[in-house]
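Participant: Given next are the chains, with one letter for each unit.
There are 4 protein chains.
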Amino acid sequence: MEKLTDQILKEVITPRPENSFKGTFGKVTLVGGNRNFGGAIIMASMAAVCAGAGLVTTATDESNSSALHSQLPEAMFADFTNSEQVASLIHAATSVVVGPGLGDDEISLQILKNVFANTSDQQNVIIDGSAITLMAREGIDQPLGNIIYTPHEMEWQRLSGIKIGEQTAEKNKAVQEKLGATVVLKKHHTEIYTNDQIYQLPIGTPAQAVGGMGDTLAGMVGGFTAEFNDKADKAVLAAVYAHSAIAEKIAESQYIVLPHQISRALPTFMKKMEKLDDDHHIGFLN
Amino acid sequence: MEKLTDQILKEVITPRPENSFKGTFGKVTLVGGNRNFGGAIIMASMAAVCAGAGLVTTATDESNSSALHSQLPEAMFADFTNSEQVASLIHAATSVVVGPGLGDDEISLQILKNVFANTSDQQNVIIDGSAITLMAREGIDQPLGNIIYTPHEMEWQRLSGIKIGEQTAEKNKAVQEKLGATVVLKKHHTEIYTNDQIYQLPIGTPAQAVGGMGDTLAGMVGGFTAEFNDKADKAVLAAVYAHSAIAEKIAESQYIVLPHQISRALPTFMKKMEKLDDDHHIGFLN
Amino acid sequence: MEKLTDQILKEVITPRPENSFKGTFGKVTLVGGNRNFGGAIIMASMAAVCAGAGLVTTATDESNSSALHSQLPEAMFADFTNSEQVASLIHAATSVVVGPGLGDDEISLQILKNVFANTSDQQNVIIDGSAITLMAREGIDQPLGNIIYTPHEMEWQRLSGIKIGEQTAEKNKAVQEKLGATVVLKKHHTEIYTNDQIYQLPIGTPAQAVGGMGDTLAGMVGGFTAEFNDKADKAVLAAVYAHSAIAEKIAESQYIVLPHQISRALPTFMKKMEKLDDDHHIGFLN
Amino acid sequence: MEKLTDQILKEVITPRPENSFKGTFGKVTLVGGNRNFGGAIIMASMAAVCAGAGLVTTATDESNSSALHSQLPEAMFADFTNSEQVASLIHAATSVVVGPGLGDDEISLQILKNVFANTSDQQNVIIDGSAITLMAREGIDQPLGNIIYTPHEMEWQRLSGIKIGEQTAEKNKAVQEKLGATVVLKKHHTEIYTNDQIYQLPIGTPAQAVGGMGDTLAGMVGGFTAEFNDKADKAVLAAVYAHSAIAEKIAESQYIVLPHQISRALPTFMKKMEKLDDDHHIGFLN
Numbered sequence: 001m002e003k004l005t006d007q008i009l010k011e012v013i014t015p016r017p018e019n020s021f022k023g024t025f026g027k028v029t030l031v032g033g034n035r036n037f038g039g040a041i042i043m044a045s046m047a048a049v050c051a052g053a054g055l056v057t058t059a060t061d062e063s064n065s066s067a068l069h070s071q072l073p074e075a076m077f078a079d080f081t082n083s084e085q086v087a088s089l090i091h092a093a094t095s096v097v098v099g100p101g102l103g104d105d106e107i108s109l110q111i112l113k114n115v116f117a118n119t120s121d122q123q124n125v126i127i128d129g130s131a132i133t134l135m136a137r138e139g140i141d142q143p144l145g146n147i148i149y150t151p152h153e154m155e156w157q158r159l160s161g162i163k164i165g166e167q168t169a170e171k172n173k174a175v176q177e178k179l180g181a182t183v184v185l186k187k188h189h190t191e192i193y194t195n196d197q198i199y200q201l202p203i204g205t206p207a208q209a210v211g212g213m214g215d216t217l218a219g220m221v222g223g224f225t226a227e228f229n230d231k232a233d234k235a236v237l238a239a240v241y242a243h244s245a246i247a248e249k250i251a252e253s254q255y256i257v258l259p260h261q262i263s264r265a266l267p268t269f270m271k272k273m274e275k276l277d278d279d280h281h282i283g284f285l286n
Numbered sequence: 001m002e003k004l005t006d007q008i009l010k011e012v013i014t015p016r017p018e019n020s021f022k023g024t025f026g027k028v029t030l031v032g033g034n035r036n037f038g039g040a041i042i043m044a045s046m047a048a049v050c051a052g053a054g055l056v057t058t059a060t061d062e063s064n065s066s067a068l069h070s071q072l073p074e075a076m077f078a079d080f081t082n083s084e085q086v087a088s089l090i091h092a093a094t095s096v097v098v099g100p101g102l103g104d105d106e107i108s109l110q111i112l113k114n115v116f117a118n119t120s121d122q123q124n125v126i127i128d129g130s131a132i133t134l135m136a137r138e139g140i141d142q143p144l145g146n147i148i149y150t151p152h153e154m155e156w157q158r159l160s161g162i163k164i165g166e167q168t169a170e171k172n173k174a175v176q177e178k179l180g181a182t183v184v185l186k187k188h189h190t191e192i193y194t195n196d197q198i199y200q201l202p203i204g205t206p207a208q209a210v211g212g213m214g215d216t217l218a219g220m221v222g223g224f225t226a227e228f229n230d231k232a233d234k235a236v237l238a239a240v241y242a243h244s245a246i247a248e249k250i251a252e253s254q255y256i257v258l259p260h261q262i263s264r265a266l267p268t269f270m271k272k273m274e275k276l277d278d279d280h281h282i283g284f285l286n
Numbered sequence: 001m002e003k004l005t006d007q008i009l010k011e012v013i014t015p016r017p018e019n020s021f022k023g024t025f026g027k028v029t030l031v032g033g034n035r036n037f038g039g040a041i042i043m044a045s046m047a048a049v050c051a052g053a054g055l056v057t058t059a060t061d062e063s064n065s066s067a068l069h070s071q072l073p074e075a076m077f078a079d080f081t082n083s084e085q086v087a088s089l090i091h092a093a094t095s096v097v098v099g100p101g102l103g104d105d106e107i108s109l110q111i112l113k114n115v116f117a118n119t120s121d122q123q124n125v126i127i128d129g130s131a132i133t134l135m136a137r138e139g140i141d142q143p144l145g146n147i148i149y150t151p152h153e154m155e156w157q158r159l160s161g162i163k164i165g166e167q168t169a170e171k172n173k174a175v176q177e178k179l180g181a182t183v184v185l186k187k188h189h190t191e192i193y194t195n196d197q198i199y200q201l202p203i204g205t206p207a208q209a210v211g212g213m214g215d216t217l218a219g220m221v222g223g224f225t226a227e228f229n230d231k232a233d234k235a236v237l238a239a240v241y242a243h244s245a246i247a248e249k250i251a252e253s254q255y256i257v258l259p260h261q262i263s264r265a266l267p268t269f270m271k272k273m274e275k276l277d278d279d280h281h282i283g284f285l286n
Numbered sequence: 001m002e003k004l005t006d007q008i009l010k011e012v013i014t015p016r017p018e019n020s021f022k023g024t025f026g027k028v029t030l031v032g033g034n035r036n037f038g039g040a041i042i043m044a045s046m047a048a049v050c051a052g053a054g055l056v057t058t059a060t061d062e063s064n065s066s067a068l069h070s071q072l073p074e075a076m077f078a079d080f081t082n083s084e085q086v087a088s089l090i091h092a093a094t095s096v097v098v099g100p101g102l103g104d105d106e107i108s109l110q111i112l113k114n115v116f117a118n119t120s121d122q123q124n125v126i127i128d129g130s131a132i133t134l135m136a137r138e139g140i141d142q143p144l145g146n147i148i149y150t151p152h153e154m155e156w157q158r159l160s161g162i163k164i165g166e167q168t169a170e171k172n173k174a175v176q177e178k179l180g181a182t183v184v185l186k187k188h189h190t191e192i193y194t195n196d197q198i199y200q201l202p203i204g205t206p207a208q209a210v211g212g213m214g215d216t217l218a219g220m221v222g223g224f225t226a227e228f229n230d231k232a233d234k235a236v237l238a239a240v241y242a243h244s245a246i247a248e249k250i251a252e253s254q255y256i257v258l259p260h261q262i263s264r265a266l267p268t269f270m271k272k273m274e275k276l277d278d279d280h281h282i283g284f285l286n
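Protein chains in written order, with my numbering: chain V, 1 to 286; chain F, 1 to 286; chain Y, 1 to 286; chain A, 1 to 286.
The following block holds chain V by itself, in its conformation from the complex (with noise of 0.2 Å):
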């Protein structure tokens, strides 16, 4: 298992070229958010919004188009039954984040077969909370796309079959090598699957046990995986990297950590990275 480095960072977070425009940042399309756990979407949009994506649009229950606006005018709306619409969204979006907030009941349910129809192999799909939970249940096929699971344990569980403890390094990696997919494991010191390589984050603080951290997560590596999207990959670890070490830094002055909070303080963290040089680490610039 390798432990991730603050390297990860200097190796995604790039100057972006002068000649851009939106377009080259990609699209987010964020699929979520029934009327009951609106504010999940709402982070995990932010946290897209936050960290560079060009484009952000929030799938979700009509009940929560006034609180996304409050919140995050950057982001466009759309009603998340809106079959049509949101298959349309599907195909444009360089990344799909599914499942924040989504619930489990029969609509939701629907929109998430709605939204596995229509994904395809050119996209990253991140699939979160409920997602999977539905998935498991449900005995859904895994839908075409480059596939990242963020599952917390009990998720896990569900998905992979391989109870809490028994979450083994090799079990684990067995199931993830079946998916063919990125697997985030969140636990204390999360472990990332991928088709290489086992990763584990050294870094975290429990001030980021607050509910919503890991909308926030989902959002940033749909966030990342489109902004970046040539490096997609090494952008999950980063996203997964840049959650946790912003998080330490607040945590250093506050007993938790909101998780808008880290999303708000993207830009300027992410402006501090993209300066680094090599011979000086993160630790030196607080």
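By construction, these hints were calculated from the structure, which means they are not laboratory data. What you were told as hints is all true, and nothing was included just to trick you.
Note: identical chains are not told apart, hence a pair may lie in one copy or across any two.
Below, simulated SDA-like cross-link-like pairs (lysine to any residue); rule was C-alpha separation at most 20 Å, straight line:
1) K234 x P17
2) K163 x E138
3) K178 x H152
4) K3 x N19
Got chain V sorted already, so can you dock chains F, Y and A onto it with the hints?
Facilitator: Frame of chain V, contents of chains F, Y and A only:
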């Protein structure tokens, strides 16, 4: 009567265990906020989130869901008239907060009865505002749970039958003992009646005399008892103390303190408390 | 004509009594904000809350409740077409503010009549914006109460019958005397006509020439008269002075002042005033 | 082609006259923001308000009114399908901004036609985004007014018929002359085609490549032309320059710039410009 000191903060707000997740810090379900008083339950929910509870759900009138998520995407929403969903959220909670902005009409009453029918002895149940008024007016029995009342003097008169001018420590304690509950009697120098002891809060400022201050306190008690559930009795005292300690600090530069400012200051304040060693008191940290 | 000085702030903004509660600082009921002009009543309400009124209720179009609570959870909401509820809120108020964003159609008129039918001599009644226009147009009698009008010059023309070019101090005073009300005539160097005296505001900045500035002033007058009800006449003067004093300070670094910034600056500004001793003027505090 | 310099800011952003009121600084009516793209018109409106226009009204889908007022109580709301009300708001405007988030369906088209039917030669009319696309697709005639188009290259292709790869200064100028309008062609080093001259913007940063950046520019052009209406042509240039100058400053410490940050920075930025004397350039002020 024992005077509370900042010692209570040091006893309660200790470093989080390294290997923890959001489940470690409990779930809070808050019930309140009718069409007119939505701000009350939003302020209480903000306090619970910022105090560091693991998961926070707000059951309120549906007209408040948009403002809730605009202020606080970290909280989940439920329609407080959906009695089945509310029952299930009560069952799942470490701490229940009922009352802020609940109102006192027939719908409020049905909601309160539903909450009370679903609590258990393993839970902290904070009863605030109109929930106290309704109990007194309708003769509703105290529910199961570790019960914490947070009345102001008029609400205490309604619940205890002791008129405001006659609320002596002795009389209050006698009623508290009959109730077998903790009573946080909000007044100039708030008093806390527990099974063991009577505490007095020696701090506080008239800058706190602003609508919503009590809702914020109820939410903090909910958050602290969920997060520090293994020392729930002390957590009540710590919440009361922290609420006024933060207000005093803000009031050094403000004529009044807006309740939401106390909540937003919690993560930083709690970090300072966590770092305090025995030789240093809060005063030194300003 | 007497020039107002910062002395008025020292006379009005004195330290709060130690043993006080939110009832000590009065209740403000604001009525206004139709579907189109919701921002006006939100800005007025924010001013009343930030000025330090004990309890603030905003009676407005129901389409505004969500934005009200997103901006200001400290305010309570009422539907301004619910005449019974509005009547009851008027009865309970120390100060009533009617007019910001009320509009001038048939519904606005019915709401205004309902407000006027329910005020009493014991209350401060601030009449602003379209409420003044409606009174003049419909020939509505002045209601009971300590009446304070806050017209700009065109609204004053409508109410007084004096054309803008002819609004001399003498003529204005004569109408004021007939009305028996305080008139805050908003203009370059605002004039305040009271039963005893004519005051002129010597401060202010063109950076205040922004929509919503008058709504904020009306809310501040409502907040100050409720909070400092025992010196309500001086409270009007203090509100007018503070409004421009804060704006001048903000305008040192901004080309324009957004009205909500004045409200948000109130708690800090008022604290500085409270601390002023007689030898120090505001200018020294920057 | 003439390079724009910060000189244009000094010429346009001069001290406000002492005796001015909100009417002095013009009225802006913005039309756009369907159910899906509400954020676009909110961002444009925020730019117009923060730029210092006297009164700002936002005609948009009614689902956006709540988020509009949550973000910006200073703006007034109108339902953009209420053609009579929109017509009246267009008549009253100094500057009209149409297009941000308007969409391109049948309803969008009817709204656009209503706007175009009601402008006059005395007004600045900023035509942006889908309004340009609709004009080209439906063959709609240019309306009356001082017309300012703000297309990106694809929108310009649709309007001018010149393909993106072939958009030379000469060809663009020829079409501009036929239109008799100002064209702000948004691209790497934005070009502005006026009746007299072609200007090039030498500043800007890839950190601006974020959705909503153009909506913000359209709103700024609306705000500047209303506020500085007596020098409206220069006001367009100043808005374009200020938009990128602020972005460059923010981008010194951020990897990307969120569009709303530019608007929020306007009051402070414009104050600095107002204070600049001829020997000092913007660079000195950082």
